Amino acid sequence: GDSVTQMEGPVTLSEEAFLTINCTYTATGYPSLFWYVQYPGEGLQLLLKATKADDKGSNKGFEATYRKETTSFHLEKGSVQVSDSAVYFCALSTSGGSYIPTFGRGTSLIVHP
Amino acid sequence: EPEVTQTPSHQVTQMGQEVILRCVPISNHLYFYWYRQILGQKVEFLVSFYNNEISEKSEIFDDQFSVERPDGSNFTLKIRSTKLEDSAMYFCASRPAGAGTGELFFGEGSRLTVL
Numbered sequence: 005g006d007s008v009t010q011m012e013g014p015v016t017l018s019e020e021a022f023l024t025i026n027c028t029y030t031a032t033g034y035p036s037l038f039w040y041v042q043y044p045g046e047g048l049q050l051l052l053k054a055t056k057a058d059d060k061g062s063n064k065g066f067e068a069t070y071r072k073e074t075t076s077f078h079l080e081k082g083s084v085q086v087s088d089s090a091v092y093f094c095a096l097s098t099s100g101g102s103y104i105p106t107f108g109r110g111t112s113l114i115v116h117p
Numbered sequence: 244e245p246e247v248t249q250t251p252s253h254q255v256t257q258m259g260q261e262v263i264l265r266c267v268p269i270s271n272h273l274y275f276y277w278y279r280q281i282l283g284q285k286v287e288f289l290v291s292f293y294n295n296e297i298s299e300k301s302e303i304f305d306d307q308f309s310v311e312r313p314d315g316s317n318f319t320l321k322i323r324s325t326k327l328e329d330s331a332m333y334f335c336a337s338r339p340a341g342a343g344t345g346e347l348f349f350g351e352g353s354r355l356t357v358l
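Heads up: the sequence lines are chains A and B, in that order. Taking the working numbering, the leading residue of the first sequence gets 5, the next gets one more, and so forth. Taking the working numbering, the leading residue of the second sequence gets 244, the next gets one more, and so forth.
In short, the hints are calculated from the structure, not lab data. Just so it is clear, the structure is predicted and the values come from calculations on it, not from any experiment.
For lysine-lysine, the following BS3-like pairs were computed, each having C-alpha atoms within a straight-line distance of at most 30 Å:
id, chain 1, residue 1, chain 2, residue 2
1, A, Lys60, A, Lys72
2, A, Lys64, A, Lys81
3, B, Lys285, B, Lys326
4, A, Lys60, B, Lys285
5, A, Lys56, A, Lys72
6, A, Lys72, B, Lys285
7, B, Lys285, B, Lys321
8, A, Lys72, B, Lys300
9, A, Lys81, A, Lys60
10, A, Lys64, B, Lys285
11, B, Lys326, B, Lys300
12, A, Lys81, A, Lys56
13, B, Lys321, B, Lys300
14, B, Lys300, B, Lys285
15, A, Lys56, B, Lys300
16, A, Lys81, B, Lys285
17, B, Lys285, A, Lys56
Restraint-style ranges between C-beta atoms, simulated for each label pair:
id, chain 1, residue 1, chain 2, residue 2, range
18, A, Glu20, B, Ile303, 37 to 47 Å
19, B, Leu273, A, Ala21, 38 to 48 Å
20, B, Asp305, A, Ser18, 43 to 53 Å
21, B, Asp305, A, Ser87, 36 to 46 Å
22, A, Glu46, B, Thr256, 16 to 26 Å
23, B, Arg312, A, Gly45, 23 to 33 Å
24, B, Arg265, A, Ser87, 26 to 36 Å
25, B, Ile263, A, Gly45, 20 to 30 Å
26, B, Ser301, A, Glu12, 19 to 29 Å
27, A, Glu46, B, Lys300, 23 to 33 Å
28, A, Ser18, B, Ile297, 46 to 56 Å
29, B, Ile297, A, Ser99, 15 to 25 Å
30, A, Ser99, B, Val267, 23 to 33 Å
31, B, Glu246, A, Glu12, 27 to 37 Å
Cβ atoms here follow ideal geometry from the backbone N, Cα and C, with glycine treated the same way.
Generate the whole structure from the sequences, applying the supplied hints.
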């Protein structure tokens, strides 16, 4: 079945450092890919998405490129801020799965001043 | 901005007790979902609900679980006889009709602790 694998956390960085959170997936069919973010005390919210190969999703300085050849959707940001501290979830959905997202376990990001 | 709200934020219960987790989805949304996350593990799909009936459910969603939309606003998850392994964060989510790519709107979650 469909699955998402994320790198283990927590990821601890200093402010202005470069961020990469790795995500790879396994899917039957042609998935749409997502990154969700959960800030402390809040629900998961969509950060960015990509619906076809080579698409780049971007939002709030974060980017991720849909790589079909490596089945990856790594999240990157050039310069993190303390306010980016949150848990980041990679997810996919397929038409065969009724567009119900399958999530990874989440990666906690801690950014120090 | 409209949001999904969940109550309670945290519930502690004894093993074997019944628990009801409540959710108020965004008002014009038509698809409703429950997910759970056991500490340190993946966010797992439990059930989806559309047009007043279950549309999909996972293997986790056995006879112990039920969902209901008792009125036009609430969406509830009932766990009949809780077990220790039901301790988790439970997330409610919703989406409008026609949004077929899998973008959901989530609540803050209800943490269930079973003792």
